[in-house]
Structures are given as structure tokens and as C-alpha cells.
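Below are the chains, spelled out letter by letter.
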Amino acid sequence: MRIPIRVALAGIVAGLVLANGAALAASAENGKTAYVKNGCWQCHGLLGQGSVVTSNGTVLANSQLPFDVFKNFVRSSNRAMPPYREAILSDADLADIYAYLQSVPKPPDVNSIPLLKP
Amino acid sequence: MAREHTRSKINRRNFLAGVAVAGAAGTATTVMPQGAAGSATTAPPIDPAPAPRPSALPPTAKIAAAEAGTPQEIKRETGKPGSDFMVDVIKSLDIKYMPCNPASSFRALHESLIDYGGNKQPEFLTCMHEESAVGMAHGYFKIAGKPLLTLVHGTVGLQHAAMGIYNAWCDRVPVIVVGGNDMDAAHRPPGVPTFHSAQDINALVRDFTKWDDTPVSAQHFAQSFVRMYKIATTPPYGPVMMSLDAGLQQEPIHDIGEKLYIPRFVPSSPPQGDTGAVKEAARLLSLAERPVIVVDRAARTPNGIKLLVELAESLQAPVVDMGGRMNFPKTHYLNRPPNVIGQADVIIGMELSDFWGVVNGYVDNDAHGIGVNESKIKAGTKLISINSVELITKSNYQDFQRFQVVDVSMPADAEATLPALIEAVKAAIPNDKKAAIAQRGEAIRKAYATGRENVKRAAAIAWDASPISTARLVMETWAQIKDLDWSLVASEGNVSNWPQRLWPFEKHHHWLGRSGGYGVGYGAPASIGAALANRDLGRFSVSIQSDGDLMYAPGVLWTAARHKIPLLAVMHNNRGYHQEVMHIQRLANFRDRVAYLGNDMAPLGTSIQNPDIEYHKLAESMGWWAKGPIKDPADLGPAIKEAVAVVKSGQPALLNVWTQPR
Chain A
335 MRIPIRVALA GIVAGLVLAN GAALAASAEN GKTAYVKNGC WQCHGLLGQG
385 SVVTSNGTVL ANSQLPFDVF KNFVRSSNRA MPPYREAILS DADLADIYAY
435 LQSVPKPPDV NSIPLLKP
Chain B
5 MAREHTRSKI NRRNFLAGVA VAGAAGTATT VMPQGAAGSA TTAPPIDPAP
55 APRPSALPPT AKIAAAEAGT PQEIKRETGK PGSDFMVDVI KSLDIKYMPC
105 NPASSFRALH ESLIDYGGNK QPEFLTCMHE ESAVGMAHGY FKIAGKPLLT
155 LVHGTVGLQH AAMGIYNAWC DRVPVIVVGG NDMDAAHRPP GVPTFHSAQD
205 INALVRDFTK WDDTPVSAQH FAQSFVRMYK IATTPPYGPV MMSLDAGLQQ
255 EPIHDIGEKL YIPRFVPSSP PQGDTGAVKE AARLLSLAER PVIVVDRAAR
305 TPNGIKLLVE LAESLQAPVV DMGGRMNFPK THYLNRPPNV IGQADVIIGM
355 ELSDFWGVVN GYVDNDAHGI GVNESKIKAG TKLISINSVE LITKSNYQDF
405 QRFQVVDVSM PADAEATLPA LIEAVKAAIP NDKKAAIAQR GEAIRKAYAT
455 GRENVKRAAA IAWDASPIST ARLVMETWAQ IKDLDWSLVA SEGNVSNWPQ
505 RLWPFEKHHH WLGRSGGYGV GYGAPASIGA ALANRDLGRF SVSIQSDGDL
555 MYAPGVLWTA ARHKIPLLAV MHNNRGYHQE VMHIQRLANF RDRVAYLGND
605 MAPLGTSIQN PDIEYHKLAE SMGWWAKGPI KDPADLGPAI KEAVAVVKSG
655 QPALLNVWTQ PR
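Quick note, the sequences are listed as chains A and B, same order. So the first sequence is numbered by my numbering: it starts at 335 and just counts up by one. So the second sequence is numbered by my numbering: it starts at 5 and just counts up by one.
Since the hints were derived computationally from the structure, they do not count as laboratory data. Heads up, some of the hints might be wrong.
What the hints assert, rightly or not - Okay, the calculated beta carbon distance ranges per label pair:
1) A:S410 / B:I374: 16 to 22 Å
2) B:L395 / A:G391: 35 to 41 Å
3) A:E420 / B:S653: 56 to 62 Å
4) A:S410 / B:E378: 49 to 55 Å
5) B:R287 / A:N390: 48 to 54 Å
The beta carbon of each residue, even a glycine, is placed where N, CA and C say it ideally should be.
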């Protein structure tokens with residue numbers, strides 16, 4: 335999922351004001367189910383880790399993206415990611431998915447992984 | 005396919021001459037149709053009209069018997085079988101192996117190869133599918149640099165082989181394919197052998213082979229076999245095809261007063277770029293502010309890598325390796341990702357399978373399948389192409405991709421042209437540009453170091469996930485093979501390019517490229533073929549084996565065990581045809597529909613689950629050491645270590661690992 339920088343910045347400001355109201359009420363557990371059922375995992379991985387070949391390297395797990403920006407992109411994407419309009423994914427499910435992605439455990443420090451050390 | 009009757013002592017040439025004489029005689033005695041005699045310019049008959057005659061005479065008793073009865077037994081001949089001579093020809097080319105599924109239409113050649121030829125040069129490798137045989141030959145060449153021969157059954161076997169041949173064609177790899185074909189409709193057995201014969205079996209693959217022929221004599225076979233070997237192994241490489249008559253194989257060699265001979269094979273030199281075009285390319289590159297080198301199948305040999313390094317260092321130009329072959333060391337600071345293309349003012353593409361795709365983007369963003377095309381480069385960027393494939397472009401199959409206008413076009417072999425280009429570039433660089441070029445190199449060196457760190461951070465994400473992340477899969481494998489002389493012989497199913505991003509590819513055998521035609525089913529046989537070549541060179545072979553790919557023709561696992569071909573196959577088992585998983589989801593989204601999953605995780609028809617395939621048991625049943633399913637990342641390293649020990653002892657080993665989708 336590629337987010338235009340200008341849209342992202344605008345969203346961050348808006349997100350601070352709105353305090354991610356919709357997302358705060360959401361369920362990460364339900365979101366995990368919705369994330370799989372709606373096929374998000376196919377390009378973004380089961381933990382939102384992303385891939386250089388299917389999500390242009392974008393990582394959704396623990397994303398700093400405000401919910402409204404996230405939602406706006408999912409609803410209206412006209413780039414490589416196909417849009418999920420309300421007809422096929424409800425606002426409630428989308429909020430749950432966002433909550434799930436925020437709940438994914440943070441990755442270990444790369445220096446703590448012997449296989450990734452220089 | 006057994007012949008009831010051998011041919012008469014009349015050889016084929018005399019037989020054809022006889023047919024011609026008989027045909028001429030038949031013409032002379034043809035009865036003119038009555039209607040023709042009644043034309044206006046014909047003089048009326050003086051004599052009374054003769055009695056009416058039929059337009060065709062009834063057959064004599066002898067002809068009727070020949071048409072309807074059983075052909076008479078013909079006296080058998082003795083002498084050296086034609087197929088023995090064919091073996092002499094094949095041996096002259098030093099072909100080491102022959103992966104092959106047996107078939108009656110080449111039984112004579114098969115028998116000669118193992119009994120007269122001693123099953124050496126080539127050694128018969130029993131395959132369970134013709135596509136596997138071609139795939140093995142494909143992989144073998146990419147390590148050994150020498151083609152293999154495979155024999156296929158006319159029509160049915162060749163149809164099985166066709167996808168493998170198309171992959172070899174698109175990947176520019178020589179494979180020698182000989183199809184048995186019983187062409188004599190009057191003498192071949194009826195029933196199955198006739199279902200399996202055709203006038204022109206080569207037509208099936210003519211659009212994606214470099215050359216084909218149908219010899220009609222032993223000497224013709226000798227000339228054509230050496231010719232096809234020469235054509236296949238002259239860059240641009242490609243598969244070749246011969247239809248070989250079953251009768252020609254089985255008949256004794258006829259004494260027609262000519263001494264049979266085997267033509268000497270002399271390799272052709274690869275085509276080099278025109279001197280003027282090379283100079284112009286060097287001028288553009290040497291004066292460029294931001295030149296970029298893009299390579300795909302440029303390094304045919306290890307020397308190709310050295311030459312590319314020399315060119316890149318001379319210019320301090322970043323190199324984007326599209327991965328058709330191991331072209332440029334991943335550990336070299338000039339190795340850069342494709343996004344540098346957007347900054348270029350001059351781009352040289354070498355043996356690119358898709359130049360348009362390098363400098364343009366395509367976004368599949370609507371339900372109509374039209375998408376959006378957009379340029380990735382700045383206006384005015386100069387483009388240079390060296391591509392030998394322009395010399396063999398055909399019409400039907402679209403492997404030539406979209407047309408891209410370039411400023412300098414050299415239909416020539418890149419590796420063969422590189423020495424002249426390097427010399428020309430060095431001569432063309434002005435003295436006052438040398439400092440700027442060195443400075444450019446330093447900036448790229450810093451970007452390379454930053455890029456390496458970013459890649460490692462990305463690999464750490466989902467490191468402990470189950471199913472196992474593809475980055476973890478790749479690095480756990482690396483940890484166990486890094487001290488060996490390793491060769492990654494295939495990586496199918498797409499693991500987010502982690503091997504290319506994390507492993508230190510430096511030698512030509514570290515990476516072999518992909519299938520070429522993207523026909524699924526290449527990975528398993530090609531990795532076994534490459535492992536065979538590596539076995540003979542004392543190297544350790546490893547493959548990332550995807551689930552869908554393996555199930556196209558899993559019988560090739562048995563071939564590896566039967567012929568003691570050591571290979572470590574670490575499975576990327578994401579339980580689906582994942583490219584198709586995403587395609588169906590995209591279309592459903594574009595159409596505002598919820599994709600129907602059934603009981604699976606992915607859209608109906610794209611999953612490989614319910615039940616899950618136990619690949620480890622499948623492999624075990626065919627003689628492999630195997631383990632799985634491995635779902636916990638903590639179990640992966642120890643399992644790979646165990647498997648490596650097995651492979652080092654000379655056996656193939658497979659690990660069934662459940663993985664993230666990409």
C-alpha cells in the first residue's frame with residue numbers, strides 16, 4: 335500500500351485532532367479475523383509485515399498512519415492496491431483491522447538477531 | 005509400434021524414385037473424364053461413338069488384395085542398425101546425460117544408447133514426465149554450460165514437454181529435443197502408435213525453438229544433429245527440435261555406395277556489436293552525469309561478471325540486476341535497486357527480456373484489465389541496448405514484450421561485446437571528468453551501505469511469525485550453507501527476493517535466474533538438473549521450492565533419488581497459487597464484490613489446502629530424506645542442519661516449511 339506523502343501529512347494532522355475515535359472503539363481480535371477474511375494478508379502478510387514484491391515494501395504493522403488516512407486510502411486507492419469500498423468492507427471491520435495492525439508485537443531489534451548481524 | 009514388415013531392399017531414395025516413375029506412368033494412362041471430350045473446340049468423332057467407359061477402372065484382384073488385405077511379409081534385412089550410427093553421432097558431441105521418459109517411438113535409439121553405447125555419454129536418467137526431463141536439461145545447462153539431450157514420444161510426449169521447451173526458449177537455454185515419430189503410415193502398427201504419430205510433430209514447438217528438422221537418412225541425421233547442436237549453443241542460445249522417424253532408427257544402414265561420416269562440431273563465435281555502435285554507446289556513457297547499467301541475462305559465463313564489474317567501475321555507474329542470471333556481485337557497492345533508473349540520463353540495457361518494463365511502469369488498477377502506463381525515466385534519457393535475442397525474434401508467442409524505442413541498438417551478444425565496450429569507454433572518458441566520476445562512486449557507496457541496513461531491518465519484521473516469514477526461511481537456510489561452496493539452483497514461488505537482498509551472491513553459480521517463460525513447474529526439475537551438474541563439480545545445491553510448482557510433476561523427486569542427485573529443497577509452502585490468490589481478490593475488489601473463500605483462506609480455486617499436502621511424506625515415498633511440516637521458526641534451523649548433513653552424504657533432502665504468503 336503506497337500512501338502519497340502529502341496525503342499522509344494531512345492525515346497525521348487530522349488524526350491528532352480526531353484522536354482516531356473510530357479506531358479506539360475497535361477490536362484487535364475481530365480485526366485479525368477481518369484482516370484474513372478480506373484478503374489483506376495476501377499482499378501485506380499475516381502480521382502486516384509487507385513485501386517488496388506485493389506491497390512495495392510498505393509495512394502496516396504498528397503503522398504510525400492515523401486511522402482516517404488509513405481509511406481514506408483503503409476506500410479510494412487507485413494505484414496498485416485495489417480499493418475496498420464500503421459495499422465489501424464495513425467501517426466497523428476496517429476499524430477492527432486497523433486495531434489489529436496496531437496490536438501486532440513490535441519486531442525485535444535487528445542487532446538482537448544473530449542471523450541478521452553483519 | 006513393432007513393424008510387422010521390414011522394408012524391401014529398395015532404400016528410401018530408390019523407393020521415392022520408384023514412386024515418381026509409377027506416378028508418371030499413371031498420368032499417361034489416366035482416363036479423361038467424359039465431360040472434357042464434349043468441349044466446343046473438339047472435332048466431332050468420325051467413327052461411331054465408342055461404348056461408355058467408367059471414369060475409374062475397377063481394381064484388379066492384385067490391387068484389391070493390396071488395399072484390403074494384410075501386406076505381404078517382406079524379407080528382413082540385417083546389418084548395423086541405423087540407431088547405432090545415431091549413437092556414434094550423439095557421442096561425438098560429448099553429451100553427458102539424457103533425462104528421458106521412455107517411449108516406443110524411439111525404442112530403437114533407446115536400445116542402441118544403452119546396449120551399443122554402453123549408457124555413457126549420454127547416461128539415461130529415467131524421468132516420469134517429459135516436462136521434467138526438459139526442465140532438468142534446462143537447469144543442468146545453467147550450471148554446466150553444456151546442453152543435454154532428451155528424447156520424447158511423438159505427439160503425446162512432445163505435448164508434455166512443450167511447456168518446458170517454452171521456458172527454455174524464453175530463458176535462452178539450449179536443450180536438444182528429439183521426438184520419435186513413426187512416419188510410414190503404410191507400415192507402422194495401427195492403433196496406439198498411429199495415434200502417437202503425426203506428419204510434422206515439430207510444428208507443435210516451431211514457434212519457440214531456434215531450429216528443427218526431420219531427417220530422412222542416416223547421413224541426414226548426422227548432419228542435422230550436429231547442426232542443431234551448433235545452432236542451440238550459439239548465442240542467443242535456445243532449444244532445438246528433431247523429428248526422428250522410427251523406421252529410420254530401426255532399419256539397418258543401407259549400402260548405397262556412400263561412406264557415412266560424422267561432421268565435426270566447431271562452435272560458432274557469438275555475435276559482437278558493431279564497432280560504430282559500440283563507440284557511440286561509449287561516448288554517451290562516458291559523458292553521462294548519471295549513467296545506469298541494467299542487466300538481465302548479460303553474464304553467460306563467470307567471465308561476464310568480471311567484465312560487468314570492470315565496466316561499472318570504469319564509469320562508477322550503478323548496476324541494476326534484473327536477475328535473469330547472476331550478473332553482478334550483490335556485495336559490490338555499485339549493485340543498486342531499480343529505483344536508480346529514475347535518476348539516469350543514460351541507461352544501457354544488456355540482454356533485457358523487457359526493456360519497456362525497465363523504463364516504464366504498469367499499474368493494474370481497474371476491472372477492465374487495461375491499467376495505467378507511466379514512464380519511469382526523465383524526458384531525454386538516452387537508451388542503449390545490447391541484446392542478442394533480436395536476432396531470433398519470432399512472431400507468434402509474445403516473449404519479445406512491448407516495443408521500446410532506443411537511441412543505440414546493438415543486436416549482439418552482450419558478454420561478447422563487453423571487452424570492446426570497456427575499451428571504448430575507458431578511451432572516451434575525458435580527463436576532466438575523472439574526478440566527478442570518482443565522486444559519483446563515493447555517493448553510491450554510501451547509499452549502498454544505508455540500503456543494506458534498511459534491508460536487514462525489514463527482514464526483522466515478523467521474524468518470529470508462524471507460519472514462518474520468508475526472510476526467516478531464507479536466513480535460517482543461509483546460516484547452514486554459508487561455509488559450503490553453495491549454489492542456489494532455484495527459488496520459485498517468490499520469497500520477496502530475500503536471497504537476492506540478503507545473501508552474498510558473488511559467483512556465477514550462486515544464482516541461476518528463473519524459468520524464463522514463468523510456466524509453473526520449472527523449479528523442481530530445473531533445480532534437480534542443476535544439482536546434477538553441481539554434484540559433478542563437488543558443489544552443494546539448495547533450492548527454495550514452492551508448493552504449487554512441486555505438484556506439477558512431483559515424479560522428478562524419484563528421478564533425483566534414483567540417480568543419487570543431492571539437493572536440499574527447503575519448501576516455501578504458502579498453501580496456495582498465491583499470484584492467483586491476489587488476482588482474484590483484485591478483481592473482486594474492482595467489482596465491489598466479496599471474494600468467495602469457501603472453507604479456505606483464499607478465493608475459491610486458488611488455495612492448496614483442505615487437505616494440506618504432506619510434501620515431506622510425498623518426498624519420503626520417493627526415496628528422499630524429509631521432514632515437516634515445520635511451522636515454528638525455532639524448529640527450522642535445527643531441521644535444516646540435519647538436512648544439510650544428509651545432502652552432504654549424497655542424498656536429496658526436503659523440508660516442508662509452512663510460510664507466510666510472500
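Consistency of the hints with the structure:
no.	hint	in the structure
1	A:S410 / B:I374: 16 to 22 Å	19 Å, holds
2	B:L395 / A:G391: 35 to 41 Å	37 Å, holds
3	A:E420 / B:S653: 56 to 62 Å	60 Å, holds
4	A:S410 / B:E378: 49 to 55 Å	19 Å, violated
5	B:R287 / A:N390: 48 to 54 Å	36 Å, violated
This entry does not satisfy hints 4, 5, going by the numbered hints stated previously.
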